[in-house]
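Student: Letter by letter, the chains look like this.
Protein chains: 2
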Amino acid sequence: MGSDTSPEILFDALPAIADNLPEKVSFTLFATKEILADRPQHPLFTFIPVEEVVAMDEDPLTAIRKKKNSSISIAMKYLKEGKISALISGGNTGALIASAKLTLPMLPGIKRAALLALLPTERKPIAVLDVGANISFKTEHLIQFALMGIAYQKSRGIANPKVGLLNIGPEAIKGTPILREVYQKLIELNKEESIFLGNIEGKAVFRGDLDVLVTDGFTGNIFLKTAEGIAAFISKELEQIEEGGEKLKEILTTLKRHLDYSEYPGAILCGVNGIVIKCHGDFSPQALNNSIRGTIRLLEHDFLEKIKIQLATLFF
Amino acid sequence: MGSDTSPEILFDALPAIADNLPEKVSFTLFATKEILADRPQHPLFTFIPVEEVVAMDEDPLTAIRKKKNSSISIAMKYLKEGKISALISGGNTGALIASAKLTLPMLPGIKRAALLALLPTERKPIAVLDVGANISFKTEHLIQFALMGIAYQKSRGIANPKVGLLNIGPEAIKGTPILREVYQKLIELNKEESIFLGNIEGKAVFRGDLDVLVTDGFTGNIFLKTAEGIAAFISKELEQIEEGGEKLKEILTTLKRHLDYSEYPGAILCGVNGIVIKCHGDFSPQALNNSIRGTIRLLEHDFLEKIKIQLATLFF
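For the record, the sequence lines run as chains A and B. Converting from the first sequence to the numbering used here requires adding 1 to each position, the first position being numbered 1. Converting from the second sequence to the numbering used here requires adding 1 to each position, the first position being numbered 1.
There's no promise every hint is true.
A pair counts as met if it fits within one copy or between any two copies, since identical chains are not told apart.
[Unchecked claim] With a straight-line Cα cutoff of 20 Å, these simulated SDA-like cross-link-like pairs (lysine to any residue) come out: (1) 139 <-> 178; (2) 175 <-> 283; (3) 139 <-> 177; (4) 81 <-> 58; (5) 204 <-> 236; (6) 204 <-> 233; (7) 175 <-> 62; (8) 125 <-> 238; (9) 237 <-> 255; (10) 204 <-> 6; (11) 139 <-> 179; (12) 125 <-> 254; (13) 78 <-> 124; (14) 112 <-> 311; (15) 204 <-> 58; (16) 34 <-> 13; (17) 81 <-> 102; (18) 69 <-> 4.
Just so you know, these hints were derived from the structure itself, not from any lab.
All chains should be modelled from the sequences, with the hints used to inform the complete structure.
Tutor: Structural data, given as structure tokens:
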């Protein structure tokens, strides 16, 4: 509920998605009675009727405090109690984060949760965090984001993740005073092996030399949405191309999929003790499918346990 | 001098560029004696030997204060004295800005100079400022950037430029406290006609509904370089495409040029009383050519006078 895509569209798409998953996965669906009315039963679906919805334009904290019976609040309670293994939402981002922070314990050593998005580059996907959870931040928060990014990439099988700090130039003196401080702190990670490769500019990120890009929630959100925007812009221009053989069509389809951010499973809320996935507010059935498959991968790889072990190694 | 591209490459390219310009334009070239030695004379070139160069990695303010005989300092003095009509540089951005601010008067009503870059979108180019001159900023500076952006687009012939504020969501409450304040102040521009269209996210910018995008120098620089980075990434992927007919080749060439930021004339330093153009540090002869042609257009359209008139109208 509460996303820009109508719940009906997502409901209609879900049976086909569920039936085509490699394994049987059960779904618990939190929606208002009106939406649930006349929905056909499905052996893998449990419907939980809720009384309220947090809208996109509501103030997150106020909404979460007031609307105890909203879909997001009740779903988060289910997650905390272990009744569901992971929570996917396309609703109000701030409300999702506020609800997670109020309901779930933080991971040991982490003071702020961050949204992590995996982005395509020329070589390998890069984990970018924070892409929107924290507008205000301190040095220690960005260090913790770096550690969570490292832990996430290790859980994806990357043995020695390389970290960069998003900045306006490669030199240590570049950027705001807080970024200069973060730079000096991150250098300390390089005692035994080279982990922090320094400041990196937006244009160099897509070369794919890094595994983790550290940034604050404001800058990271601008970065992510700019990348999405120009990718969509170019995709549209490519749609003009109608000529060419089968091979060409194939390349263009691959390229467009590669650039289509709805192909990626959504952002992971890192730092809380639970798997919470934030999808785009305007997510398509295809994006929902990718999000579900991505979430299943996280569960199969025991992501949360792995990230806890990694954080323990890094912190202590 | 001082750019990442060697001065020899630029020197070698300049005669052909100068000979092919639509009108005769004379060039004053500021370079060290070593670089000028053995350079063939050209009827349109004047060589000014300098003793020092500001390097890319030097602290801007220190360098400008110490190196009074650097190419940038001397060229800026020429600009102030009217010996040259415009100054193009691919060197240290901070030093160029510091030198301009120390040498040239500010335009009436403007307290901070900003770098303005013109970017391609689906519909029409958008003027983005600031893309890197100010890391710290106050509300009033962003309002002045908006006014300069409007003035610039009016000087390009856009009758009613539309302005957006780069932010992480469309709602007035989004972003940092300072952005919320800027939003409220920009709304005041809409007394007689709709000028400020509100907050805009990075992904919506490229749809091309706006003429001016207002942002601070840090965020704007991240925005610009991210756009450049992903455009370069996609261009590389497109290079794989070898099949297809003439029509296809043509579309791809147009698209690649459209996405190639070296096709754009460089960023304009707005707010100082002089035409100062900042090119990429790694600018190619092609980019130099575009930069020169773009600068000539600014001169032909009497850009500086027009922007002064616009600012006077807007301020008083």
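Student: Next, verify each hint and record whether it holds.
Tutor: A quick look at each hint next to the structure:
no. : hint        : verdict
1   : 139 <-> 178 : both (11 Å within a copy, 16 Å between copies)
2   : 175 <-> 283 : between (36 Å within a copy, 18 Å between copies)
3   : 139 <-> 177 : both (12 Å within a copy, 14 Å between copies)
4   : 81 <-> 58   : neither (26 Å within a copy, 51 Å between copies)
5   : 204 <-> 236 : both (19 Å within a copy, 13 Å between copies)
6   : 204 <-> 233 : both (17 Å within a copy, 8 Å between copies)
7   : 175 <-> 62  : between (34 Å within a copy, 14 Å between copies)
8   : 125 <-> 238 : between (25 Å within a copy, 14 Å between copies)
9   : 237 <-> 255 : both (15 Å within a copy, 14 Å between copies)
10  : 204 <-> 6   : between (32 Å within a copy, 18 Å between copies)
11  : 139 <-> 179 : both (7 Å within a copy, 17 Å between copies)
12  : 125 <-> 254 : within (19 Å within a copy, 27 Å between copies)
13  : 78 <-> 124  : neither (39 Å within a copy, 46 Å between copies)
14  : 112 <-> 311 : within (16 Å within a copy, 49 Å between copies)
15  : 204 <-> 58  : between (33 Å within a copy, 19 Å between copies)
16  : 34 <-> 13   : within (16 Å within a copy, 74 Å between copies)
17  : 81 <-> 102  : within (11 Å within a copy, 57 Å between copies)
18  : 69 <-> 4    : within (18 Å within a copy, 59 Å between copies)
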